[in-house]
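Peer 1: For reference, the chains in residue letters:
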Amino acid sequence: MKNRDLISGIFWIGFGAVFAIGGLQQGLVRQGIPGPGSLPFIVGLISIGLSLVVVVQALTKESAPSKKFFPDKSSLRKLILALVSIVGYGLLLKSFGFMVTTFLFLLFVLALIGREKWVTALSFSLLTAVLSYLLFTALQVDLPRGIWGI
Amino acid sequence: MDALTHLLLSFKIALDPINLFLCFCGCLVGTFVGVLPGLGPAASMSLLLPLTFTLNPVQALILLSGIYYGAMYGGSTTSILVNIPGEAASVVTCLDGYQMAQKGRAGPALGIAAIGSFVAGTFAVVMLMVLAPPVSSIALKFGPPEFVSLSFLGLTLVTYLASGSMVKALIMACVGLLLGFIGVDIVTGVERFTLGLTVLLDGVGLVPVVMGLFGISEVMLNIEQAYEKAEITQTKIYNIWPNRKDLKDSAGAITRGSVLGFFLGVIPGGGALLASFISYAVEKKVSDEPETFGHGNIRGVAGPESANNSGAGGAFVPLLTLGIPCNVIMAILMGGLMIHGVEPGPRLIIEHSDVFYGVVGSMYLGNVMLLVINLPLIGIWVKLLKLRYTILFPLILFFCLIGAYTTGNTVYDIYVMMVFGVVGYLMKKFEYEPAPLVLALVLGPIMERAFRQSLIISSGSPWIFITRPISAIFVFAAIVILFSPIILKLIGKERLQLKE
Chain A
38 MKNRDLISGI
48 FWIGFGAVFA
58 IGGLQQGLVR
68 QGIPGPGSLP
78 FIVGLISIGL
88 SLVVVVQALT
98 KESAPSKKFF
108 PDKSSLRKLI
118 LALVSIVGYG
128 LLLKSFGFMV
138 TTFLFLLFVL
148 ALIGREKWVT
158 ALSFSLLTAV
168 LSYLLFTALQ
178 VDLPRGIWGI
Chain B
9 MDALTHLLLS
19 FKIALDPINL
29 FLCFCGCLVG
39 TFVGVLPGLG
49 PAASMSLLLP
59 LTFTLNPVQA
69 LILLSGIYYG
79 AMYGGSTTSI
89 LVNIPGEAAS
99 VVTCLDGYQM
109 AQKGRAGPAL
119 GIAAIGSFVA
129 GTFAVVMLMV
139 LAPPVSSIAL
149 KFGPPEFVSL
159 SFLGLTLVTY
169 LASGSMVKAL
179 IMACVGLLLG
189 FIGVDIVTGV
199 ERFTLGLTVL
209 LDGVGLVPVV
219 MGLFGISEVM
229 LNIEQAYEKA
239 EITQTKIYNI
249 WPNRKDLKDS
259 AGAITRGSVL
269 GFFLGVIPGG
279 GALLASFISY
289 AVEKKVSDEP
299 ETFGHGNIRG
309 VAGPESANNS
319 GAGGAFVPLL
329 TLGIPCNVIM
339 AILMGGLMIH
349 GVEPGPRLII
359 EHSDVFYGVV
369 GSMYLGNVML
379 LVINLPLIGI
389 WVKLLKLRYT
399 ILFPLILFFC
409 LIGAYTTGNT
419 VYDIYVMMVF
429 GVVGYLMKKF
439 EYEPAPLVLA
449 LVLGPIMERA
459 FRQSLIISSG
469 SPWIFITRPI
479 SAIFVFAAIV
489 ILFSPIILKL
499 IGKERLQLKE
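Residue numbers (my numbering), protein chains in the order written: chain A, 38 to 187; chain B, 9 to 508.
Rather than coming from a laboratory, the hints here were simulated on the basis of the structure.
Yeah, the Cβ is synthetic: ideal placement off N, Cα and C, and Gly gets one too.
Among these hints, one or two may not hold up.
[Said to hold, decoys possible] Residues from chain A that face chain B, not an exhaustive set, calculated with beta carbons under 10 Å: (1) Phe48; (2) Val55; (3) Gly81; (4) Pro108; (5) Gln177.
[Said to hold, decoys possible] Computed list of lysine-lysine pairs in DSS-like fashion (alpha-carbon distance at most 25 Å, straight line): (6) Lys436/B with Lys98/A; (7) Lys39/A with Lys497/B; (8) Lys104/A with Lys39/A; (9) Lys437/B with Lys105/A; (10) Lys437/B with Lys98/A; (11) Lys111/B with Lys110/A; (12) Lys437/B with Lys104/A; (13) Lys436/B with Lys110/A; (14) Lys256/B with Lys293/B; (15) Lys154/A with Lys394/B; (16) Lys293/B with Lys111/B; (17) Lys436/B with Lys104/A.
[Unchecked claim] If you only want the chain B side, here are some residues facing chain A, beta carbon under 7 Å, derived: (18) Phe189; (19) Met228; (20) Tyr423; (21) Phe438.
Could you build all of it, start to finish, from the sequences and the hints given here?
Peer 2: Shown next as structure tokens:
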């Protein structure tokens, strides 16, 4: 865990610093009582201190070597595809509407990440998209209709 | 009102047809979630949170808590039959439960798990009903300074009991607090850390964060593995009812598990998970034949399964009486209640007695329903396990997307969820615990308000937290816990030197 502790420790130092500095700018004290920046400043400082402990420990302590970051050679590809599919859902939802976007999303994920057969992927996504549309409409959940009104 | 009127009131609310139906739905969904590996109660409760917006607070809490204790029940099934814990609190059940199944005793193992869960669940509800009113009447005397120190103590306990490095857990608690500061400051109206984004004015939403950390990241960790065909052994379940000897053997374990589980559930950071582990250790200690544990000893199933259900009930005590969530699930319930305008805390039982007694009543009934849902329908639940992960994970992702979107009807919550999905994935790789972050995120804004109110009372002097006796006790206890690892280390070293 040595390197990973070092990296994460440094990251949290930066994270804490953002809030500590921000807190300083927003004002620590207003009219004798703590202002809006007081707690972010204090907690930011504490997290910087704690992260320093992690960094120092990573530099000084011997520890077991960490596991491989990605367990499989296809890992990174699948992870990226998953994130792309989520962003895609967010981008398309308003204009394409709930049912179409859901269908495309499921098709993409099933076929490209899950490597299901196209027939399976196609029928499963179509069925899920239509059924969930009917279910959510029945439950009166407000979902975007998109340019085609569905 | 005396105990009997309370009991009648709780049943009156719980037996309302809609509440009864919601309780049943909660138990059903909970069992489903408990059986399915890869979708825990935390993620699924936050998924359903938006659906509860149209309900009233009583109905919402009945539905959501049903999912929680339902999942505790359902988790045991997969542990016993296929050695896959459906959720974390059932991990220890695998040890002896699966061994029993291998020896053809899957039926009695499932039976005793259900009986133990039922007994323990009912015990926990009774205790909740007895303990909560006096605890909250004490807590009513707490002012803002006491609340700050109590939350501080609670967060400290959570980090202390977190698995792995305590320093890292503390960092997570700080990160949660810092994220909680994002948004408009409630005292002065100043915008803080919003990066100019209007969506962040209300702060970082709990639902997308929880779904990211517990739903999306779990999917990411699963899909990055090479796919393998899951082997599910076909075990025929002959007889669910344990025999007389089994019952006699397990009675002690169930009793100990129920009591132990409840009190461990009350402690912040404790809850069902810790309860099941400790119960297993205790059963092994008190047994005449500890060597049979891990080879299908029925007590190794009865104890932990009782403890995790009882712990699930116990965790409600601090939430409903003090407004302190003990674990992530309670944090979600708290978030859910606050959306409905009900702030959990000492005033809850007085001001929203229908919420408190309604939930208690539904928990009595829920425990009975779970027996009915679980035992006769076990065949159906096992079939669920045959669902391929390549079919399952797109559905989990889809539910998360819908859940995130419907919380605020904005796609930004989808992106927030995704960011926290990646964060949760990295946290797993870098060995950080997500639980302290979530608890701090929920408690943060309330703690900050109380903190600043306290300092207004004391006109700026921080000594107010130590000069008020109750607050001083909490602060002292928290400091002892914070420094206990260092103190223990020092004592340990001294002992070593003495030996030499």
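Peer 1: With a cut-off of 10 Å, does the beta carbon of valine 55/A approach a beta carbon of chain B closely enough for the hint to hold?
Peer 2: Holds - the Cβ of valine 55/A comes within 10 Å of chain B, reaching about 8 Å at its closest.
Peer 1: With 10 Å as the cut and Cβ atoms as the points, is proline 108/A at the interface with chain B?
Peer 2: Where the cut-off is 10 Å and the nearest Cβ of chain B is about 6 Å from proline 108/A, the hint holds.
Peer 1: Given tyrosine 423/B as an interface hint, is the shortest Cβ-Cβ distance to chain A below 7 Å?
Peer 2: This hint holds: tyrosine 423/B lies near chain A, its Cβ roughly 6 Å from the closest one there, short of 7 Å.
Peer 1: Within a Cα-Cα threshold of 25 Å, do lysine 437/B and lysine 104/A meet the stated pairing?
Peer 2: 9 Å, holds
Peer 1: So, phenylalanine 438/B near chain A? Judge it on the closest CB pair being under 7 Å.
Peer 2: 4 Å, holds
Peer 1: Keeping to a limit of 25 Å between CA atoms, is the pair of lysine 111/B and lysine 110/A held or broken?
Peer 2: 39 Å, violated
Peer 1: Under the criterion of a CB-CB separation shorter than 10 Å, is phenylalanine 48/A in contact with chain B as hinted?
Peer 2: 9 Å, holds
Peer 1: Please verify whether lysine 154/A and lysine 394/B have alpha carbons no more than 25 Å apart.
Peer 2: Holds, at about 18 Å.
Peer 1: Under the criterion of a CB-CB separation shorter than 7 Å, is methionine 228/B in contact with chain A as hinted?
Peer 2: Nearest chain A Cβ about 6 Å off; hint holds.
Peer 1: Quickly compare the C-alpha distance for lysine 293/B and lysine 111/B to 25 Å and report which way the hint goes.
Peer 2: 24 Å, holds
Peer 1: Just to be careful, I want the Cα atoms of lysine 436/B and lysine 110/A compared with a cutoff of 25 Å; is the pair within it?
Peer 2: The given pair, whose Cα atoms are some 19 Å apart, holds under the 25 Å limit.
Peer 1: With a cut-off of 25 Å on the C-alpha distance, tell me whether lysine 104/A and lysine 39/A pass.
Peer 2: Holds, at roughly 11 Å.
Checked against the numbered hints given earlier, the structure breaks only hint 11 and satisfies all the rest.
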